[in-house]
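Novice: One letter stands for each residue in the lines below.
There are 2 protein chains.
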Amino acid sequence: MDITQAMQAVESKMFAIVDSDVSVLRDASHHILSAGGKRIRPRLVMLSYAATGGQDVSYAVPVASAVELVHTASVVHDDINDHGFVRRGRPSVNAIWGRTFALLTGDFLFTKVYELMAPYKDLNVVLAEATIALVEGETLQAAAAKEGNLNWETYYQIIARKTAALFKAGARLGAGLAGATHEQVEALGRFGFYIGLAFQIIDDILDLIADSNQLGKTAGIDLAQGKGVGSAYASSNGGAIVAERVAVADDPLAAIKQKILEGDAIDTARTQAKSLVEQAVSELDVLPESTAKQELIELARLIVDRDH
Amino acid sequence: MDITQAMQAVESKMFAIVDSDVSVLRDASHHILSAGGKRIRPRLVMLSYAATGGQDVSYAVPVASAVELVHTASVVHDDINDHGFVRRGRPSVNAIWGRTFALLTGDFLFTKVYELMAPYKDLNVVLAEATIALVEGETLQAAAAKEGNLNWETYYQIIARKTAALFKAGARLGAGLAGATHEQVEALGRFGFYIGLAFQIIDDILDLIADSNQLGKTAGIDLAQGKGVGSAYASSNGGAIVAERVAVADDPLAAIKQKILEGDAIDTARTQAKSLVEQAVSELDVLPESTAKQELIELARLIVDRDH
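Chains as they are written, first to last, in the numbering used here: chain A, 1 to 308; chain B, 1 to 308.
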């Protein structure tokens, strides 16, 4: 399987499925899709499929597209709740079309997932459970932000559900589509879960240290709302950084950022992310050697080595 | 099939499926479910199932529950967009938990639909298409409200998608589960579609003439936002009632209501709803006589005869 060609097929499928005669839904969906994004999740589906013997690209493409649309829908809704006005270097759906249409566009994308997954029978359960976990994770995060309280355990619960569950599902779906053995499906599931955790930890670190332009989304929002790895680690390290502080200080964001950057919270988090990725890579020992397996390893390492 | 027992099983299933260790999602879901609602859609599924020979209640219950959860999710999101603070005679999810958690609760309910439907293979497509139509209908409505412009054709497009499509799907799903003939599935689909149109027309009329307490939701909201049957009919009748007026006049709502109530818009709409219901009932000629068929006819007539 040529992964570049496969990923182009995923792009085409996503654009095709969100077509609608209701122009706002079509335009807003195209807007968020054409802004790009790293497409790690559908890549994970396709590579897991290929690494376990899958050969029919067209059979796996709708599932890979569905996984990315779950993520895309959650991003659109997230930008409503977080008042995020920049996403992937462009104005968010929320910023252009307003809250009402952003909410409906997210619903539209979530619903298009059903349509894509309908033919895949039992695999539907895998994606349904991951999507429920994602929504639960987002809710735990909003609840923690509201309480202005985030410890390491809650942070782990949040990222496990809102991010790692979908990565895990993506890898399992790819393997399931290929008819992989139970052992391979489980190993790839753990691979996905670990790199999902690592991905979110790195994402939160980058959110802390990057400015708006570099990261392509309104930076500092996650921090300002008391979520993100920095406050979790700061909190677990005995730091007293809570969300409320942000709202009251003069230049609160800069001050808190500085505090975390000076401490060892970020180094600790990055070390943990690297260790998760190596743990993930070792899970792939059950797979035969292949180009796809090598590309899975590269994908995993890229997650901790990226700067955006 | 005892429809009362079947509907109790639907209630139990809905409460069970929305369980979550994330307390906000569980509590908000229980809140909106325990507020009641007419449960017309799941009743339509169960009766269509029974009227075409279905006998295993437990097989149809998850599908009937899924159909009601699609509606429930849309209601929760609708109350965010409409700033509706009363729903079914109680504070809306939005009013109690705020916008962020209401958005996530709606996502949670939409996602639970996948979980319920996962085992039903091809029938997934039927519900997926109806849910997409529902979101498209809501979007057309928001767009029309924003433009302050609603003619009869747009009004028909809106109610066909946001309401009638799910009624149609419910009836088709019930028949599909029972292994009904193609002719029966199609006839029941039309039955559902027609009573869905009638239901929404009557709902919009009631919204116009009922006060807050009677209807159990913030009355006049649909009107205030330039949607609903009144402004559609008024507009098609050459009336110049548009949403913007509401915002500027002294007691705009009362004035507009009076204007519509004095005209023949409501009578015209009610006549049309009645005619739709009779058209629907005639579709049932292809079904053998049964208690369930009689209950479908009663359900249809109740839709136009209700006062809430």
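Quick caveat, the hints were computed from the structure, so don't treat them as lab data. Certain hints may be false.
Pairs count within a copy or across copies, as identical chains cannot be separated in the list.
To be verified - Pairs of lysine to any residue, SDA-like flavour, derived with a Cα cap of 20 Å:
hint	residue 1	residue 2
1	293	181
2	146	95
3	146	96
4	38	9
Novice: So, for every hint listed, does it hold in this structure?
Specialist: Against the structure, the hints:
1. For the homomeric pair residue 293 and residue 181, the shortest alpha-carbon distance inside one copy (16 Å) is at most 20 Å, but the shortest distance between copies (49 Å) is not.
2. In the homo-oligomer, the alpha carbons of residue 146 and residue 95 lie at most 20 Å apart only across protomers (16 Å), although the nearest pairing inside one protomer, at 23 Å, exceeds that limit.
3. Taking the shortest Cα distances, residue 146 and residue 96 sit within 20 Å of each other only across copies (14 Å), while inside one copy they are farther apart (26 Å).
4. In this assembly of identical chains, residue 38 and residue 9 lie within 20 Å of each other by CA distance solely inside one copy; the values are 15 Å within and 44 Å between copies.
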